[in-house]
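Chemist: The sequence shown begins at 10 in our numbering and counts up one residue at a time.
Hints were generated in silico from the structure; no laboratory data involved. Misleading hints may appear alongside valid ones.
Here are the computed lysine-lysine pairs in the DSS-like style, where the Cα-Cα straight-line distance is at most 27 Å [as the list claims (entries may be wrong)]:
hint, residue 1, residue 2
1, K149, K250
2, K215, K319
3, K296, K319
4, K296, K250
5, K204, K296
6, K416, K327
7, K416, K187
8, K250, K204
9, K250, K216
10, K174, K340
11, K187, K216
12, K296, K187
13, K187, K436
14, K216, K204
15, K216, K192
16, K435, K216
17, K192, K416
This one's a predicted model, so the numbers in the text were calculated from it and none came from an experiment.
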Amino acid sequence: MACQIYSRVVVNVAGICERTLWIINHHAAGPGRHESLAGELADRGWLVKLFASSFVHNVFIELKNYPPGCHHLNEIERGVDRVWIRTPPYYDNSLSRLVNHLYFTCRVARLGRALDAPEAVIGSSTHLCAGLAAYLLSRKHNVPFVFEVRDIWPQSLVDIGAISKYSPLTVGMGVLEKFLYRKAHLIISVLPGGKEHIAQLGLEDKKVVYIPNGVDLAWYDRCTREGCLTPEQAALFRRLKGWVVFTYTGAHGYANGLETVLKAAEILHRAGIGGIHVLMVGDGPAKAGLVKAAAERGLTNVTFLNTLEKSQLPIILKNSDGCLFHLRNSKAYRYGLSSNKLFDYMAAARPIIAAVEKAPNTEFARFGLHVPSDEPGALADAMLQMAGETPGARKVMGERARAYVEKFHDIPVLAGKLAEVLESLKKSV
């Protein structure tokens with residue numbers, strides 16, 4: 010594939026000028042928020058360019074094969090101009106990860122300067138350098154800068170103990186965070202409490218809009234219809250026929266606190282309570298320890314599966330009776346949650362047990378059970394309670410969850426809101 014820089018002409022075959030948008034998200038390497046939103050906007054006639062690193066965080070792999078001397082690639086996916094940025098690899102949270110962030114920022118800023126101007130540039134965290142790149146390009150092309158906040162850095166890093174409140178890195182990121190908030194023409198918060206955080210910094214919160222995460226239900230339903238279990242998975246669910254299977258999918262990391270899930274399963278096992286099984290799908294730094302602990306404790310009511318392609322998860326959830334969600338108690342979540350995992354569960358029309366300090370939304374009691382995080386006994390009781398419901402009652406809860414996600418978190422709904430605020434921004438700037 011040739012290494013090239015190009016701009017798409019912003020006039021369609023009918024001679025009608027189309028809307029153009031750039032989205033800069035370092036970690037938009039796979040299926041997710043911006044791939045889905047960009048694709049939906051493209052379907053509506055927008056010309057969207059999505060900048061992302063091809064080196065994948067957490068799994069630490071390079072997705073693309075670059076020709077010698079090439080530092081970016083252009084591809085078209087679902088009508089979206091994908092700009093893949095080659096960045097230095099890293100394998101932990103050391104200085105090499107910071108170098109990766111800075112390299113991405115510089116490379117995107119350099120590439121963007123050579124392209125025709127868009128109508129707006131969105132810079133999306135997690136890390137703040139993506140926002141900085143978007144700001145620099147908005148200045149270069151004299152177009153509105155939109156800062157999207159998906160994780161509140163540096164505060165969330167301080168809250169989980171990753172960095173000190175007084176470290177030079179924290180201070181520097183804090184200065185950059187406030188700078189980006191001030192310079193943004195529009196701030197998109199993925200978290201329901203994002204406006205509260207910005208107000209606490211003494212900054213203007215009137216330009217903050219809430220556009221949460223979501224799920225592409227059309228894609229999800231297609232995966233459910235077309236997907237099939239592997240022989241190993243099919244054998245597992247045949248063995249568990251008649252049992253109530255609670256499934257957890259996703260990262261097995263410190264923040265997920267899955268030792269609590271394991272202890273809850275152990276409580277049920279020690280009490281001789283049968284008919285309930287916990288299925289844990291995914292990987293992460295805590296996975297090996299969890300597998301070892303389950304084996305040492307003889308927990309026959311727990312099964313682990315390795316990470317699956319996202320397209321395989323719908324069929325797993327379809328064969329489950331309920332879903333588990335757990336996060337450690339942390340100040341990092343005081344501004345609310347917008348977890349893709351929860352929306353995937355809702356899309357599957359399955360009831361959910363959420364072990365977090367605050368219920369995910371005001372309607373959660375209609376389609377799930379909420380218990381405090383880090384309390385195995387409460388989680389075990391919740392599993393026992395939900396398992397005691399009739400299949401019909403669980404189905405009703407799942408249908409309510411599905412109706413909720415259709416109304417508030419389907420990608421076309423969110424893309425419509427994004428298009429609306431961008432149109433308003435165009436008129437106000």
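Chemist: Checking one constraint from the list: CA of K215 to CA of K319, max 27 Å. Satisfied?
Modeler: Violated, at about 36 Å.
Chemist: Next pair to validate is K216 with K204; report whether the Cα-Cα distance is within 27 Å.
Modeler: OK: K216 and K204 at ~9 Å, within 27 Å.
Chemist: Decide if the proposed pair is consistent with the structure: K296 and K250, CA atoms, cutoff 27 Å inclusive.
Modeler: Holds, at roughly 26 Å.
Chemist: Given the hinted pair K296 and K319, is their alpha-carbon gap at most 27 Å?
Modeler: Holds - the C-alpha atoms of K319 and K296 are around 18 Å apart, at most 27 Å.
Chemist: Would the pair K250 and K204 pass a check requiring their Cα atoms to be no farther apart than 27 Å?
Modeler: Outside the cut-off at roughly 47 Å; violated.
Chemist: Between K296 and K187, is the straight-line Cα distance small enough, at 27 Å or below?
Modeler: violated (37 Å)
Chemist: Between K174 and K340, does the CA-CA distance stay at or below 27 Å?
Modeler: Since the Cα atoms of K174 and K340 sit roughly 14 Å apart, the hinted pair holds (cutoff 27 Å).
Chemist: Given the proposed pairing of K187 with K216, does the C-alpha separation stay at or below 27 Å?
Modeler: holds (14 Å)
Chemist: For K435 and K216, compute the direct alpha-carbon distance and say whether it is at most 27 Å.
Modeler: Answer holds: K435 to K216 is near 14 Å, not above 27 Å.
Chemist: Within a Cα-Cα threshold of 27 Å, do K216 and K192 meet the stated pairing?
Modeler: holds (11 Å)
Chemist: Are the Cα atoms of K250 and K216 separated by 27 Å or less?
Modeler: Violated. K250 to K216 sits at ~52 Å, over the 27 Å cutoff.
Chemist: Going straight from one Cα to the other, do K187 and K436 come out at no more than 27 Å?
Modeler: holds (25 Å)
Checked against the numbered hints above, the structure violates hints 1, 2, 5, 7, 8, 9, 12 and 17; every other hint is satisfied.
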